[in-house]
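**Student:** Let chain D serve as the given structure and place chain Z on it in line with the hints.
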Amino acid sequence: MLRGIGRRLGERLLASLPALFGVVVLTFLLMRVLPGDPAVFFASGPSAGQEEIDNLRREMGLDQPILVQLVRYLGDIAQGNLGRSLTTGQPVLADLQRRLPASLELTVSALILALSLALPLGIAAALRPGSLVDHAVRLVCTMGVCVPTFVSGLLLIYVFYVVLGIAPDPTGRIDIFASAPPEITGFLLVDFALAGDWEGWAAAARQLVLPASTMVLFVLAPLARMTRASMLAALGSDFIRTARSLGLGEARIIVVYGLRNALIPVLTIAGIVFSTMLGANVLVEKVFSWPGVASYALDALLAADYAPVQGFVLLMATIFVLVNLTVDLLYGIVDPRASAA
Amino acid sequence: MRIGRRDGLKGLVGTAAIAAMPRDAAAQTRAETLRQVTGNTINTLDLTMPGATRESFGLAMNTYDRLVAFGRKPVPGGFIFDHTSIRGELAESFTASPDGRRYVFRLRPDARWHDGSPVTAADVKWSLDRHVSSNSLAKSQLQISSYTSPEQFRVLDPMTVEVVLDKPDRRALMNLCVPYVIMINSTLAKRHATADDPWAQTWMKENTAGGGAYTVETFRPGEQVVLRRNDNWKNGPEGRLPFFRRIIAQTVPEAATRASLLERGDADLSIDLLASDVPALEQRGRVKVFSTPIANGFTHIAFNTRMPPFDNVKVRQAIGAAVPYEDMFQASIFGRGARLYGADWTELPPDAAFPRPMPQHTDPARARRLLAEAGFPNGFSTTFSFSAGLAAAMEPLAALVKESLARVGIQVDIQKMPDAQFNTFQAEKRLPMFVDGATAWLPETDYYVKLYFTRDQRWNFSSFNNAEINALTEQAQFELDPAKYAELCRQMIGILGREMPELFLWQPNHDAVMARTIEGYTYQYYRQIDFRDLRRV
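The listed protein sequences correspond, in order, to chains D and Z.
Just so you know, the working numbering puts 13 at position 13 of the first sequence, and the rest follows in order with no gaps.
Just so you know, the working numbering puts 39 at position 39 of the second sequence, and the rest follows in order with no gaps.
Among the hints, erroneous ones may be present.
[As the list claims (entries may be wrong)] Below, a sample of chain Z positions facing chain D; criterion: calculated Cβ distance under 8 Å: (1) 35; (2) 43; (3) 44; (4) 222; (5) 251; (6) 261; (7) 264; (8) 266; (9) 335; (10) 339; (11) 414; (12) 418; (13) 420.
[Stated by the list, open to error] Negatives, chain D to chain Z, calculated, CB over 10 Å: (14) 17; (15) 53; (16) 247; (17) 272; (18) 287; (19) 324.
Hints are computed from structural coordinates only; laboratory data are not their basis.
Predicted model only: the values in this text are computed from it and were never measured.
Ideal Cβ placement from N, Cα and C applies to all residues, glycine included.
Looking at chain D on its own, in the form it has when it is part of the complex (with noise of 0.2 Å):
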């Protein structure tokens, strides 16, 4: 069996690479098409004339032909170098190395919270439909939709930072005058835990609290809406009814038969919210000074700066392709008949 995983594994990610190829070239000219030339952009010195947007061009090589230029750029993917970001002035890699703990320590926190509050939420609800329960599950859904993020981001700083006071000062993953851990993992959860710096660990918790509850807010409705019609579809099957007229208990038949029956669409829509949420809680990542990837492209693509907007479509198709990965082998544990297919 774990040979058979293990081929399907390979097999799947040599079938992703010519999407992941396809992404990088369609970025490629997509960037190229945009109005807005980088090198103009960033000659914006008081002194800067022609010769200085010249000379930036031919230094990024966009004096050179598109075809050119493309080969080029793929060469260098081939060998892991992304390019120079202007905006940053660092590596790209460099830069998304160091963001992309700091974007996934927040969504998978934020996913986490989620699914901890949409999986009850949504049960509750598909147990009782119609009922009071039900309505106000419908209702916080509705309201978490409705608001974007940066609304409710800046609503719960004022409430909890500035009205309040009882949130850290709402910038970064980490209070500004403290010290970092020392960079292990680059998840400052971890870093702290390992080592062993427990009032750290409660600092950057606590950075995180406000960020994390945006987020959860935004992606509840999907999770407990999905939860609440997949539970209400399993809890209608025969199988229940067989093991309620056998007398199980009701726990029993509702997380055993029930949610494990159900939990296959959560699972498929939770891998998209959780991809949906790294590359586009851009907003949160502004309002909160998160130092994320998302952010950082939104940032490189204002400034028409061609290598890190690329770098990160590139990292996102990669995620993508890995989330969906785990996404397939974790319906093989729930339901070891999807494994089959």
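**Tutor:** Just chain Z now, kept in the frame of chain D:
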């Protein structure tokens, strides 16, 4: 060495102890730490690198010294730079020859680089050579004051440097004060130079080889930069050390968050809050606001003078008479700035100061008459562009322009463009009419006019080509007699008032919002913070 699991754990515990310590130390020095919050990014430690952001210029003022520096003068609530009073920074003293062609700089005997080695004339010569030779932003900046070749810089003795010019140039001394002209520890830099990179430009992007008031402790572009005071620094006014031991410049993209941090007292200073937020902050009174019109800049509407119908001076004058200046001033920046319209001189201004109010008045009847005389009695259609980055101020302005021009028959299509696209179109001279801001580092009238109204180059926004202006700017740069210089400048301003290649609107305020305990803020011409002047009381 083999590290067992137990040793590894010990190591981790040790690291934790070290990690815990600075937290307490930092708390003690909070009063001596300045936390700046900004929406922007420092992208290089070497500000002469093409592509350096304005924030990088500000950083380098604090980490590098120059030979000479501008002074400052008090204004209500703070200070502004004074380019007419120049003091020695790395130079202890300097003299100019009577013919204005030679400057001799005597270095401070006790000046040291960050690594402790003494500052020598050879370092200064190497730095100046780098600025005129290497492919950098400094090169074109130094060209504007006739510095073009390493031969102009000579070492007279280990502590004395001579600078020689072909012609006496009004800007020769003041141009050595600007951010780009950093003095570099050449011994250190040369160690990191390569055959391809003789001026160590790659290394200096990530490292500082200077001797300024601060050293860089942490450099994380897009997140934060932490500076630590160089306690051996003696090159400030009267040799004073800066007050703050530590500076944290943190990137906080959201302007509302920056404002909250300041009001809560967690941050100390920000110079890029939304102009619309500043009055409310001022009113609540939890923070101190220092506002002063940016004396060395202006907001303007540029016409492409080589593109019909704007090649016709009457069309430009007609638009100049049609737009509602005062309404625009209020709607765009809430009247927070200095007006550059509504002057009552006609032919020539009373003095040579610039930017200054120009003889532009709202007069729709005159606008219609001028349009008819220009051959457009029924108006025409055109576009009006601005960059999305300035949308908060420019969107209301554009609406008023569109409305007022419609009344005289000109149909305007408003184009709001992403910044990079706007800059590209602007540089390629593809925009018929647009609004933008402009500043000059050397606030000399002839320099403004030469930079913004002559030659085929990027900053000649209106593609203006006027033989008289061209001749006047060439002459004025080398005119050392103040009276004659002023006369030349008055003529230039007179021509701009008559020909209207651009409409001058106003100088918006520079707003520095700071904790009530911060004093000594100076508005600098490069529109960044000089941390060396600030203190907490």
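**Student:** Against the structure, test the hints numbered earlier, and report the numbers of the ones violated in rising order.
**Tutor:** Hints 9, 10, 11, 15, 18 contradicted; others consistent.
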